[in-house]
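Participant: Protein sequences, first through last, are from chains A and B.
Residue numbers for the first sequence follow the numbering used here, so the first one is 1 and each next one is one higher.
Residue numbers for the second sequence follow the numbering used here, so the first one is 1 and each next one is one higher.
It is possible that some hints are incorrect.
Lysine-lysine pairs mimicking BS3-like chemistry, simulated, CA-CA at most 27 angstroms apart [as the list claims (entries may be wrong)]:
(1) A:Lys-165 with A:Lys-176
(2) A:Lys-102 with B:Lys-10
(3) B:Lys-10 with A:Lys-122
(4) A:Lys-103 with A:Lys-122
(5) B:Lys-72 with A:Lys-103
(6) A:Lys-293 with A:Lys-240
(7) A:Lys-74 with B:Lys-10
(8) B:Lys-10 with A:Lys-103
(9) A:Lys-134 with B:Lys-72
(10) A:Lys-165 with A:Lys-179
(11) A:Lys-226 with A:Lys-102
(12) B:Lys-231 with A:Lys-102
(13) A:Lys-180 with A:Lys-105
(14) B:Lys-181 with A:Lys-74
(15) A:Lys-134 with A:Lys-102
(16) B:Lys-72 with A:Lys-92
(17) A:Lys-134 with B:Lys-231
(18) A:Lys-105 with A:Lys-165
(19) A:Lys-180 with A:Lys-103
(20) A:Lys-92 with A:Lys-103
(21) B:Lys-10 with A:Lys-105
(22) A:Lys-180 with A:Lys-122
Short derived list, chain A residues pointing at chain B, Cβ under 7 angstroms [as the list claims (entries may be wrong)]:
(23) Gly-49
(24) Pro-80
(25) Pro-84
(26) Thr-90
(27) Lys-92
(28) Asp-100
(29) Lys-102
(30) Cys-104
(31) Lys-105
(32) Leu-106
FYI, nobody ran anything at the bench for these hints, they're computed from the structure.
The beta carbon of each residue, even a glycine, is placed where N, CA and C say it ideally should be.
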Amino acid sequence: MIEVQNLTKQYGAKTAVNNLSFTVNDGEILGFLGPNGAGKSTTMNMLTGYISSTSGKALINGIDILDDPIGAKKNIGYLPEIPPLYLDMTVKDYLNFIYDLKKCKLPRKAHLEDVCGLVMIKDVYNRIIRNLSKGYKQRVGLAQALIGNPPILILDEPTVGLDPKQIIEIRTLIKKLGKKHTVILSSHILSEIQAVCDRVIIINHGQIAADDTTENLTKNISTDHKLIARIDGSREEVLKTLKNIPGVVSVVADMEREKGIYDYEIETREDVDIRRELFKRIVARNWVILGLKTSEMTLEDIFLKITMGDNVVINTKKKDAEAKAAEADEKAEQYDEKAKATDAKAEEYDKLAEAAETHEKEDEE
Amino acid sequence: MGAIFRRELKAYFTSPIAYIFIAVFYIYTSTYFVNYNLYYGNTEMSYVFTSAFVIMMIMLPLLTMRLFTEEKRLRTDQCLLTAPVNLFSIVMGKFLAATCIFVCAIAIYGVYIITLVALAGSVAWATVFGNLIALLLLGASFIAIGTFVSATTENQVVAAIVSFIINIAFYMIDMLAGTVKLDWLKDVMSSLGFYTRYYEFSTGIFNTASLFFFVSIIFIFNFLTVRVLEKRRWA
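With the rest of the complex left out, here is chain A:
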């Protein structure tokens, strides 16, 4: 159980974390989500007693981290953003050191073996940490946090640097750990949070922007009474027709997706389904519906919406992406041309080579 009350951290004039309050219950996996520099790591460093808060309280299983740091730290396993590894040690020596450092009472050999089995580092147990790949280093870091079986795990971006297979393995592991431990997990990978966490806290500029279960968050902000239709027809006329459909609250023509074809965002009253009516009216005008979808928001959209403001920003993002794609296409074309030119040159060379060969043969004769 972690209770955070009005936690604030100031670096000079800059407020890194501003009045954060939340509670994590036993056996809960909490996701900490936020853009870079939002205060995720700072908060975690405060919870683990690495840095002190400017004001506010953090209670770890009821113990204030500033009043009784040693008592509180005994309950925490911490994996910082950069795993704290002594590069000149072997995995074995390092884990034994951590075991001693944490004054662990569990049977040494069995416990270390358990932990290594959990994070799958048995095969590198006797190797020097410096020579391990990023993925293994990350897992040794995770092993370090697990030693002593602390009831609370605080993991700062635990899957950074892992390959997709390892990411899935670690996620499964975290889920498994979440059954016995209280876990706080930070990430800026949304699918990860969605896959692993029961609850999400989105922080932005050091403040909580949202705090809810993953499902609720998607449900609350997603708007299934919003439709996006791509219609082939003159823009003004389409707008007029759409607005006349009963139940429609507002219609906005989005950007031009294909030549002369627009996407229209249609907002309706919540109890009305206009899709059939929409289809009939469009067909009646001899237009074509090229696409129709309910505008369901993913956690990604929610995240952008919360951290950046509103939909407009999302759209400009899309535009940027499209512009970039176009640029990439152009470049690809240029490459093609170049490739053709080199092909031509290669052919010339071949011809020359052939000519040389025939000359040689002639000479031999």
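Given chain A's structure and the hints, the job is docking chain B onto it.
Facilitator: The following block gives chain B in isolation, referenced to the frame of chain A:
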């Protein structure tokens, strides 16, 4: 504390630094030993002991420079500072590990003493013990200073140079005292000097005030190291 002490000690011997330190110390002091004692058949060991002052001043910063700088650079301090141990035992673990290497180095004097006893029958035991105590106190003081400096920076070279400068300052301060006109400042400066106090020990005079002086220096700098670590959490 035990875990940190053992880890540091092992780290010293997995890197070349401990070997280099001990080797240089052995070569340097044995040159004096061979030239002053063996060559002239002399049992007076003061030269061999006092010669160590300079080499300690220069070499001990190399021993202490990585103690906290590396922790900070590799972010391993996050592991130490979030583990259920207090800052004092972290500092002491590191300080004692460095002191332990230093004791390995001055253990060579045992060989010198045994050689002299074997060759000449006896040595001036009062001076020898005085010198050994003096070396230990002086070395521990330099190590405490070096540990403190390493906690204040992330750069090993800076740590080494700054602690070297502080060591020189403590060495020279009572020599400079003569040039100062103010009486009270002169008193303060001359009482802070390492060399006079060290020299007193090395002649076999056991001055309790000097003993307290060195012990205080060791305590103060280790205490300051703890404060520096503490302060960083609040910054």
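Participant: All hints, please: hold or fail.
Facilitator: Now the hints, each set against the structure:
| no. | hint | in the structure |
| --- | --- | --- |
| 1 | A:Lys-165 with A:Lys-176 | holds (17 angstroms) |
| 2 | A:Lys-102 with B:Lys-10 | holds (19 angstroms) |
| 3 | B:Lys-10 with A:Lys-122 | holds (23 angstroms) |
| 4 | A:Lys-103 with A:Lys-122 | holds (23 angstroms) |
| 5 | B:Lys-72 with A:Lys-103 | holds (23 angstroms) |
| 6 | A:Lys-293 with A:Lys-240 | holds (20 angstroms) |
| 7 | A:Lys-74 with B:Lys-10 | holds (26 angstroms) |
| 8 | B:Lys-10 with A:Lys-103 | holds (19 angstroms) |
| 9 | A:Lys-134 with B:Lys-72 | holds (20 angstroms) |
| 10 | A:Lys-165 with A:Lys-179 | holds (22 angstroms) |
| 11 | A:Lys-226 with A:Lys-102 | violated (54 angstroms) |
| 12 | B:Lys-231 with A:Lys-102 | holds (23 angstroms) |
| 13 | A:Lys-180 with A:Lys-105 | holds (19 angstroms) |
| 14 | B:Lys-181 with A:Lys-74 | violated (57 angstroms) |
| 15 | A:Lys-134 with A:Lys-102 | holds (25 angstroms) |
| 16 | B:Lys-72 with A:Lys-92 | holds (22 angstroms) |
| 17 | A:Lys-134 with B:Lys-231 | violated (32 angstroms) |
| 18 | A:Lys-105 with A:Lys-165 | violated (34 angstroms) |
| 19 | A:Lys-180 with A:Lys-103 | holds (21 angstroms) |
| 20 | A:Lys-92 with A:Lys-103 | holds (16 angstroms) |
| 21 | B:Lys-10 with A:Lys-105 | holds (23 angstroms) |
| 22 | A:Lys-180 with A:Lys-122 | holds (23 angstroms) |
| 23 | Gly-49 | holds (6 angstroms) |
| 24 | Pro-80 | holds (4 angstroms) |
| 25 | Pro-84 | holds (4 angstroms) |
| 26 | Thr-90 | violated (10 angstroms) |
| 27 | Lys-92 | violated (12 angstroms) |
| 28 | Asp-100 | holds (3 angstroms) |
| 29 | Lys-102 | holds (6 angstroms) |
| 30 | Cys-104 | violated (10 angstroms) |
| 31 | Lys-105 | violated (12 angstroms) |
| 32 | Leu-106 | violated (15 angstroms) |
Hint compliance for this structure: hints 11, 14, 17, 18, 26, 27, 30, 31 and 32 are broken, all remaining hints hold.
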